[in-house]
Amino acid sequence: MDGERPPRSGTDGARRVHGVESRQRRLQRQDPEGARAGLSDRVALVWDDAFEAYDFGPQHPLKPIRVVLTVALVRACGLDALPNVSAVIPRSATRAELETIHDPAYIDAVERISGEVGDPYGNYGWGIGTGDDPAFAGMHDASARVAGASITAADAVWSNTVEHAFNPAGGLHHAMADHASGFCIYNDPAIAIRWLLDHGAAAPRVRR
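Under our numbering, think of the first position of the sequence shown as 22, with each following residue one higher.
Any given hint might turn out to be false.
Calculated cross-link-like contacts (lysine to any residue; reagent style SDA-like; alpha-carbon spacing at most 20 Å) [to be verified]: (1) K84 with N181; (2) K84 with P189; (3) K84 with H195; (4) K84 with A74; (5) K84 with F187; (6) K84 with S202; (7) K84 with D162; (8) K84 with V178; (9) K84 with F157; (10) K84 with A126; (11) K84 with P141; (12) K84 with D70; (13) K84 with V95; (14) K84 with G192; (15) K84 with A158; (16) K84 with P125; (17) K84 with H194; (18) K84 with G99; (19) K84 with G203; (20) K84 with V138; (21) K84 with P104; (22) K84 with G152; (23) K84 with S135; (24) K84 with A222; (25) K84 with A102; (26) K84 with Y142; (27) K84 with L100; (28) K84 with G159.
It is worth saying that the hints were derived from the structure and are not from the lab. These figures come from a predicted structure and were not determined experimentally.
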């Protein structure tokens, strides 16, 4: 931000973000037209409280509180109330969309394990039940929701509804076609990219 050093702590970071919002509000009071010009880029915040269901358990480093606090900070700073920001509730990825990246047999396994979880670290196969990817109830639905949110974000930008879209729960890029890996069950970035390609993103396009 204008040559400022990056924040050294979470509290410091919150102050910096709050400072940005304070400056924006000051601009709106002093020069409403100029402030609006500075907010010309439309932004979608893709969020659903159900993202908290993507939960590997209290001992796992990837805890739902990470994304919950991210959105809480956005709201506390008033960023979601800016005139160029819209809240978007995502949909879940369909089975067909998941299959554009993941093997059908793997998706079947995730669905089955989601409904029969006993020991989170059981010998389930498919990369599930490991220290990185313990099994949890509702795993398929939670993972499909995150993937659907990334598709929702991609669609919002591709359709020129917004210039930028943010899915705080997304980025689970370690999942492989036929097994879980690195805290990731379904690879939402790959699924969203495949969606874009299937909708013509590779073709030349004039942005309006």
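Each hint tested on the structure:
Among the hinted pairs, K84 with N181 is inconsistent with the structure: their alpha-carbon atoms are about 33 Å apart, more than 20 Å. Taking the CA atoms of K84 and P189, the gap is about 13 Å. The hint holds against a cut of 20 Å. Of the pairs offered as hints, the one joining K84 and H195 holds, with about 17 Å between alpha carbons and a cut-off of 20 Å not exceeded. Proposed proximity of K84 and A74 is supported: the alpha carbons are some 10 Å apart, at most 20 Å.
Distance hint between K84 and F187 is fulfilled; the C-alpha atoms sit about 19 Å from each other, no more than 20 Å. Under the criterion of a C-alpha separation no larger than 20 Å, the hint pairing K84 with S202 is consistent with the structure, at around 16 Å. This hinted pair checks out: K84 and D162 have alpha carbons roughly 17 Å apart, not beyond 20 Å. Taken as a hint, the K84 and V178 pair is broken in the structure, with Cα atoms around 28 Å apart against an allowance of 20 Å.
At roughly 13 Å between alpha-carbon atoms, K84 and F157 fall within 20 Å of each other, so this suggested pair holds. Pair hint K84 plus A126 does not hold up; C-alpha atoms about 28 Å apart against a cutoff of 20 Å. Taken as a hint, the K84 and P141 pair is honoured in the structure, with Cα atoms around 15 Å apart against an allowance of 20 Å. Note on K84 and D70: the hinted pairing holds, with a Cα-Cα distance of about 14 Å set against a maximum of 20 Å.
Between K84 and V95, the direct Cα distance comes to roughly 18 Å. Compliance with the 20 Å bound is thereby established for this hinted pair. As the CA atoms of K84 and G192 are separated by approximately 14 Å, the hinted pair is consistent with the 20 Å bound. About 15 Å separates the Cα atoms of K84 and A158, which keeps this hinted pair within 20 Å; it holds. Annotation: proposed proximity of K84 to P125 is violated, straight-line Cα distance about 28 Å (limit 20 Å).
Between the alpha carbons of K84 and H194 the distance comes to roughly 17 Å, so the proposed pair stays at or under 20 Å and holds. Only pairs whose Cα atoms come within 20 Å are accepted, and K84 paired with G99 is rejected, the gap being roughly 24 Å. For the suggested pair K84 and G203, the alpha carbons sit about 14 Å apart, so the restraint of at most 20 Å is met. Of the supplied pair hints, the one linking K84 and V138 holds, its CA atoms being roughly 19 Å apart against a limit of 20 Å.
Annotation: proposed proximity of K84 to P104 is violated, straight-line Cα distance about 31 Å (limit 20 Å). Annotation: proposed proximity of K84 to G152 holds, straight-line Cα distance about 14 Å (limit 20 Å). For a cut-off of 20 Å, the pair hint linking K84 to S135 stands: about 18 Å separates their Cα positions. Of the supplied pair hints, the one linking K84 and A222 is violated, its CA atoms being roughly 33 Å apart against a limit of 20 Å.
The suggested pairing of K84 with A102 is violated, with an alpha-carbon distance near 26 Å, which exceeds 20 Å. Restraint check for K84 and Y142: satisfied, since their Cα atoms lie roughly 17 Å apart, inside the 20 Å limit. At most 20 Å may separate the alpha-carbon atoms for a hinted pair to count; K84 and L100 exceed this at roughly 24 Å. Note on K84 and G159: the hinted pairing holds, with a Cα-Cα distance of about 16 Å set against a maximum of 20 Å.
When the structure is compared with the earlier hints, violations turn up for hints 1, 8, 10, 16, 18, 21, 24, 25, 27 and for no others.
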